[in-house]
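Please construct the entire structure, taking both the sequences and the accompanying hints into account.
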Amino acid sequence: DAKTTQPPSMDCAEGRAANLPCNHSTISGNEYVYWYRQIHSQGPQYIIHGLKNNETNEMASLIITEDRKSSTLILPHATLRDTAVYYCIVSPGDDMRFGAGTRLTVKP
Amino acid sequence: GAVVSQHPSWVICKSGTSVKIECRSLDFQATTMFWYRQFPKQSLMLMATSNEGSKATYEQGVEKDKFLINHASLTLSTLTVTSAHPEDSSFYICSVQRVAGVAEETQYFGPGTRLLVL
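Which chain is which? The protein sequence lines are A and B, in order.
So that you can map any letter, position 98 of the first sequence is 98 in my numbering, and since no number is skipped, the others follow by simple counting.
Position in the second sequence counted from 1, then plus 1000, gives you my numbering.
Result set (DSBU-like, lysine-lysine): computed pairs, CA atoms no more than 30 Å apart in a straight line:
hint, chain 1, residue 1, chain 2, residue 2
1, B, Lys1041, B, Lys1066
2, B, Lys1041, A, Lys69
3, B, Lys1055, B, Lys1020
4, B, Lys1014, B, Lys1055
5, A, Lys69, A, Lys52
6, B, Lys1041, A, Lys107
If you're looking for bench data, these hints aren't it; they were derived computationally from the structure.
Please read all numbers here as calculations on a predicted model, not as lab measurements.
Okay, structure coming up:
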């Protein structure tokens, strides 16, 4: 079974921040949290990853709680093109197996 | 990041024929590649882990004699669906693994190959 749990779906208004949560309460000390997304009919796309510090890149920010049992992916200004399924996985613990992810729908 | 290509992007074949799908890592050498299958409205299902120069490791329930994987070079892995049947129709996706440090293993995915078996 996957080491992560995510809500099945979320909506977000265009231009607003999208905050996608992920629980990984059994994460081990050397395991990274990875986020990927899959836009309809395309291969998944790497977004960001982190170990314990918060991370930011041109696509998103990743906030990891101090106990590392959960994290939040933040898309600061969601656009319609951010509508996708977002996957949170723990590596190498999840061993490259994906859960169901969160289907984010950005609405105008 | 990394650039990964797959060929073909889509293929239609008759039942009983074999189909080969190529996955190429275009900008770095990948010791490990992965093959996934995705059915409509479902998540990615890991089929096998492909290691350069050695036999692939298949997930439980995936027939290794039906889904032949060859990883002969650090930039190319191939998946051959042998004697394809309509139930093999799916979206096949490969990924390459880039290792930056201990346990820091990022995957970069190809665009996928859509297979339709008639």
